[in-house]
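Chains as they are written, first to last, in this note's numbering: chain R, 1 to 491; chain V, 1 to 441.
Check each hint, because a few of them may be wrong.
[Claimed, not checked] Computed list of lysine-lysine pairs in DSSO-like fashion (alpha-carbon distance at most 30 Å, straight line):
1) K132/V / K295/V
2) K132/V / K376/R
3) K46/V / K185/R
4) K419/V / K337/R
5) K191/V / K46/V
6) K455/R / K376/R
7) K175/R / K185/R
8) K327/V / K419/V
9) K327/V / K289/V
10) K274/R / K472/R
11) K191/V / K132/V
12) K327/V / K175/R
13) K435/V / K175/R
14) K53/V / K337/R
15) K185/R / K295/V
16) K455/R / K185/R
17) K255/R / K376/R
18) K289/V / K255/R
19) K191/V / K337/R
20) K295/V / K175/R
21) K175/R / K289/V
22) K191/V / K295/V
23) K435/V / K185/R
24) K191/V / K185/R
25) K337/R / K472/R
It is worth saying that the hints were derived from the structure and are not from the lab. Bear in mind the structure is a predicted one, so any value in this text is a computation, not a measurement.
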Amino acid sequence: MKHVSLPLLALVLAACVSGPRTEAPAPSAAAPAPMVTDRRTAPVLGPPPSLQLPPIIRRELSNGLKLLIVEHRELPVADFILLVGTGGEGDPAGKAGVATLTASLLEEGTSTRNALQIADQSAFLGAQVGATSAWDASRVALHTPTAQLDSALALFADVVLRPSFPVTEIERLRKERLTSLLQVKDQPRAIADRAYASILYGAGHPYGQPLSGTESSTQAIVRTDIQQFYRMYYRPNNATLIIVGDVRPDEIERKVASLFGSWERGTVARSEWKQPPPSSTTTIYLIDKPGAPQSSFRIGSVGVPRSTSDYFALLVMNTILGGSFTSRLNNNLRETKGYTYGARSRFDMRRSAGPFTASAEITAAKSDSALIEFMKELRAIQDTVPVTELMKAKRLRQLELPASFESTRDIASQLIPIVLYDLPGDYYNSYVEQIERVTQADVQRAARRYIDTSKLAVVIVGDRTALESALKSLQMGTVEIRDITGQPLRP
Amino acid sequence: MLNGTGPLAAQAISLASEKYTLPNGLEVILHEDRSVPMVAVNMYYKVGSGDEKPGRTGFAHLFEHIMFMGSEHVQVGMFDQLLEAAGADNNGSTNEDRTDYNIQMPSNALPLALWLDADRLGWLLPTMDQAKLDLQRDVVKNERRQGVDNVPYGRAFETIAQALYPSGHPYSWPVIGSMADLSAASLDDVKQFFRTYYVPNNATLAIAGDFHRDSVRRWVERNFSQIPRGPEMPARPTPAPVIIARDTFLVLEDRVQLPRVYWTWPSAPLFQADDAALDVLAYVLAGDKNSRLYKRLVYDMQLAQDVSAFQASSRLTSQFFIIATPKPGQSPTTIAGLVQEELSRLMQDGVMPRELERARNTFRARKIDQLSSVQGKASLLNYYNYFAGTPDYARQDAERYDRVTQADVHRVAHTYLEKPKVVLTIVPAGQTALKVTRGSR
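Just chain V, same shape as in the assembly (with noise of 0.2 Å):
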């Protein structure tokens, strides 16, 4: 065993915050961090591309697009020109679950950045007009032909998701949306959007680094105590467990040298019982070099040019993903065949303790590392909030890979990669006899 990482690796995972909420119902949390004169900012949105509607896919994320296009007191270009200014770095996220603003800045900064992101939840819409719309539109549709139609296998997620969860379901559209419903986005859905969920009891603030309590205290009052409380949020679906009825095999041609194959399986969501187990097990499938689908495919018998797996964990439920790529003249069908046998060695002999130890070790190391800067604690304490219910996560996440058994990865093998799957292979443009069809369990 491995004598020394594992308590030492505890001790130093500690992120303490200090949490409470304005009567308005804005959440903030408070997380201080003298190591370096800067501090970071990050601004959750309880919603995300899953609280959209048929026929405006995209919504969620061309919104965060609008988000930095000024509001009643910040003109066009000036929310990027006033940051820059002041040394200051800012990006934006959405995913499924929520949307993200983040400003990480050196300390003086701070209250500029409060200032910035309470005008865009305060008053926003006074300065709305279609040229905004029109113009991110247009460069959210760029981001999905460079993120997307643009890329070898590119459309390989949503083509999935899309067979994976039943319709209506809120990950069974990209995130990025389709470019028939970026295109019918009206000035009336942003407005409506807005006065949705773009209010404070529906925002949580989270600020890390170094700051003065008190007067960190006295900016967010001043700044965004005015912003009225909205309306309570609209009802979230609470979509059944997905179970898909049989095995299903896809097939999708694109612009590519090689085929590639996709399995996907439904599995458990994010910080639930089995969570931490299905990460361990994508660890030993095809983590390192000496995982059990590297090693062979990729490495021994170097019939693969990658092989990777992982469980890409959300809110509502979650993906477990194996991934490969044949070599020139290799069928994806062989490749197949192979990712079957290990799959079944493993549900029958289960894992070995170093298997268990490298991807517990990893995963501990990898949850230091996220403590290395203010904005990846800020982003942190927002993320475990709202995924996790508390800020005060950090350990426990970590101790989730560390109560992770042998019995457990062999166990949630069985549980999970037993059910029906998807199967898509992507094939060069012409050949789709190439398609996987059978050969996995």
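The following block holds chain R by itself, in its conformation from the complex (with noise of 0.2 Å):
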């Protein structure tokens, strides 16, 4: 392949594609004899084709289970996510992966039908059921062929609200759990990832531990961590169930209703966590991974929330950073130097502010060389950018939103934003307008307040005795090593 999909900003989009559209012009009935096109400059494009808002019905049961209902019927299929607005930012103290624990059980049991029935029953129906935590919400999600539609969301009501937790089931997928996080140890990559979190956050913020648990964690948690959890926050009043497809609004309500209705409201806590303070220096930490070809690198600090009003500055001066494949890191570090196959950068934007990370592999003899070039990049950013690379920026920000609305799967996780951060109901109207305002001083404003070349976390993952010396002789800060976790390393 030429690249691996770039991760964009860890926000999602949204918006319509009906109503007008450009038509090619019809052709004369006596076409005119084969031209050929002059090569010399690339074609001019008509204008592009209009985005309107999706007619999203809300409806909100009796019990306050709020729905979002999108009518599509392109194809016998429907969608449903039940999002619930607590993730893994709600595990209790020590015990990360409760959340994610929490959904993964959904399917392991309920008071009529046990994991394998579950299983064999979506099977059979051609459905996909599925559950799982991230940080500011669980999903419990359902695929199914319309013709299905009814012992499908039967199914998934099921799930929803009767789970039973089985202890034999919290067992096995415990110790499935610590057999993964062993496996971890050969992932170069997942490495990094957790180190730099725990590197970013410590131990106090739950963004410092992995969703999936650690080992201590995964050990200490017990089924009553879980029916807690559950308890607490899988309430309709803190849920929203959004719907796609070829559905019809009043009798899909009817029949969400019967299956839901009688799901009882709850107090939900929300819990509030301090931010960790922000580092005071540029610290590279060096993770040994003996032999390793490629070292994984994560470069980076705390970032924003997604409540940021500096949202669409972010949006396009990401863009033109690490966010595209054209994008100055991956152009820089990828296309001019070779040093990788690819090179990123993203916001991760969550209730609190989640990561600022740029990454890449790179192959282990250019690791100094490719850290210098990344940090020419982020600095470079901090200057006035070019207009042609901002309207560049721009342009495929506002264009590309119809690829991320063609399926009901599409449409459905696209509304997801909208739920969990509360987005004002002329949002996806306005989202093209809010990107054409975006200035040169607006994107080189928000690149000097939110990246700060002399306080990143720089996390290497690869061969020490190969690295370390070359990493020292940069000067770039001082080179720690840590452990796999991302702790110091014991005497």
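Hints in hand, dock the two standalone chains.
Put into structure tokens, the structure is as follows:
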């Protein structure tokens, strides 16, 4: 492959794509003799197709469960996402992994079906049921042929409303998780991600722990932690059901009401977390992976919450820096130097400030040279960006929107941030315009405010013996040796 | 039996297209879909790593990278810059059999995509130079490090292919190639490869999405018609069916915590008789929680961390895989014994109706989902056109699974999985004693 898909900013966009379009001119009856295109200049394109807000139908059941419904009839399928407004940020102290384990266990048994029966039925229906937790939310998803809608929806409701959290399944998943944690040692990229989060946020903040837990937290979790998490957070007044597909709103609301109507409200606590103190210097954290042919780089700092007023300035700035194939980081480290298969950057925006991260897998012998180039780009983005580069980034983010709204699954996932971050009703109507308003000055201001090259964490997972002295001689910051969890080596 | 999904799914699976050929041999396939204001272009070149010469493994894929480096009228870097400024996304992929290039974009950008695709087919060489080759050689070497060398178990599939196929078989070397061969590739190789394979009579252009058919036909003609037809393609090898004389047991040390065992059998080529039944067999073995191997090894006994089975279908021949990772402290040999037991049971008793239904319904649902994007449709049209001989194959493809019977699954298990196989055990460094040497059929 030419490249793996580059993660964009951790945000999701929505818009809909109906209404007036640019039609190609009709051909004349007497077609002219074949001509050839002028190859000297790229063709001038007509106006891009216009975007309109999707008709989102909002309903609410008497128990507080909100519904967001979008009709989409292209294929006989439907997608449901039950979004519970609490995820890993709700993990109790020392028990990282409770949210994700709770979600996984929904499929492992209910009061009427055991794990094998749940799996049997969903495969038999040709449906997919799955549950997972991110930081801000837990989600249970159903993708089903509409021919099987009633049976699939009944299964989905059973999984959401009546999980039994069997002890045997908890122990089975615990064993699986401990084995997966052991296997992380084989995966330099996973080591880098985990160590980077741990170094940025420390032990006192949930973002410093992996969503799937650590060895000690996985050992520490007991069944009542899971039951308490479920009872506290899986409540209709803390949930929204997104429905997209070949459905009729009134009919589907009736079906949902009959299945979810007796779900009881609860009082939902919100956790508050103290932001970690910002780093005072740039430090290089080297984690040894003997013999690694590449070094995994993660460079950055604590970034911004999704609620930031600089959202669009950051979106455009990061597109230029490392959020697209032609971005500066990728163009420099891959397309000019050939040090890597791909370099990128992202602002992971969550309810609290998530990390800003520039990253790449760098050929071991070029690790020190690559760090120089990373730093060069992180500094250069603080200067005024040329207008053509600004326009290219803005056009990309504006014009790629329809691609995120093709399938029922696409549309359903685009509605998630509307729910989670309480975006204003006209958010998507003004989306393209908000990007249009971003100026060179905005980009510069955002870069200067959120990227400080004198206060970065630089995590490198690679062959210590080959890298340590070269990194030290760069004099870009202290080089500390850390273990694979990001902690100082014990003497 | 399940009522409803079958007939409804069959109705849903429709991918109507129009196909025609330009005088220079370029095949064009058009599918209109106005559901979103987007278009996808998928360009197939009928060349893959299987066409490479000895000492030049990885070349077809390396060449794919060079196709993004600009052409006579497109300066280095502009291919991607122009497309991004138009809101388009693009990529390419190479496998043993073919190379494809896709661009998906807002519908107004289609003339740009066609102009760019034509330029790199018609005018690549005038600006080709050593620097472009050297740069992408470095990128591809990093792609290999990132996907193979710096990944646990990353060398499994190339190790198996080398043992499964006779020397010189087109599938016996990896698509990504070896580091030494990548280093050896020369600018002359690039030119020769381009002149041989990147000609309109070896390409198919599939376009799916929101367009006006007559306009598109005109744009295609204006962009591509002046590119001259190339020489006829060199004859491709038609290797004999792959037969291994006896079970082959391999061991490979890697930087891993846990061993992993791979069983591989030669199997039926893509779209040929038994291919769909082998897909269903793989599902019955490890496709869901109730599948034979998953339920026994992972769910009930909890001796394995994971198990998977799949039919990896290709044009000349396919590979049927079972892969399992023992849990800490469990031996690969124990796992191998249990895999053999389950295979024996299946050979003895065949499969149950419910198992077949779960598999068929799951495959049917997947076939519908493949039609949910214009990019998916454009690449499916080319895939069917190349591998099945006609772009009009979506419904037949789905119906292959509807026709699979319990007897078919039972039969293909005997036909393929009782033949000799390659068994690879990847072990933590220094633990070659963990190698599986027996214990499965």
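Against the structure, the hints come out as follows:
1. K132/V / K295/V: 51 Å, violated
2. K132/V / K376/R: Holds: K132/V and K376/R sit about 24 Å apart, inside 30 Å.
3. K46/V / K185/R: 41 Å, violated
4. K419/V / K337/R: Roughly 49 Å separates the two Cα atoms, so the pair is violated.
5. K191/V / K46/V: 17 Å, holds
6. K455/R / K376/R: It holds: about 15 Å lies between the C-alpha atoms, which stays within 30 Å.
7. K175/R / K185/R: With Cα atoms ~17 Å apart, K175/R and K185/R stay inside 30 Å; holds.
8. K327/V / K419/V: 28 Å, holds
9. K327/V / K289/V: 17 Å, holds
10. K274/R / K472/R: With Cα atoms ~33 Å apart, K274/R and K472/R exceed 30 Å; violated.
11. K191/V / K132/V: Measuring from Cα to Cα gives roughly 13 Å; hence the hint holds.
12. K327/V / K175/R: Holds. K327/V to K175/R sits at ~9 Å (cutoff 30 Å).
13. K435/V / K175/R: 24 Å, holds
14. K53/V / K337/R: Measuring from Cα to Cα gives roughly 29 Å; hence the hint holds.
15. K185/R / K295/V: Status holds; Cα separation ~27 Å.
16. K455/R / K185/R: 28 Å, holds
17. K255/R / K376/R: 57 Å, violated
18. K289/V / K255/R: Roughly 29 Å between the alpha carbons, so the hint for K289/V and K255/R holds.
19. K191/V / K337/R: 23 Å, holds
20. K295/V / K175/R: Cα-Cα ~16 Å, so holds.
21. K175/R / K289/V: The hint holds at about 17 Å.
22. K191/V / K295/V: Roughly 53 Å between the alpha carbons, so the hint for K191/V and K295/V is violated.
23. K435/V / K185/R: 22 Å, holds
24. K191/V / K185/R: 44 Å, violated
25. K337/R / K472/R: 22 Å, holds
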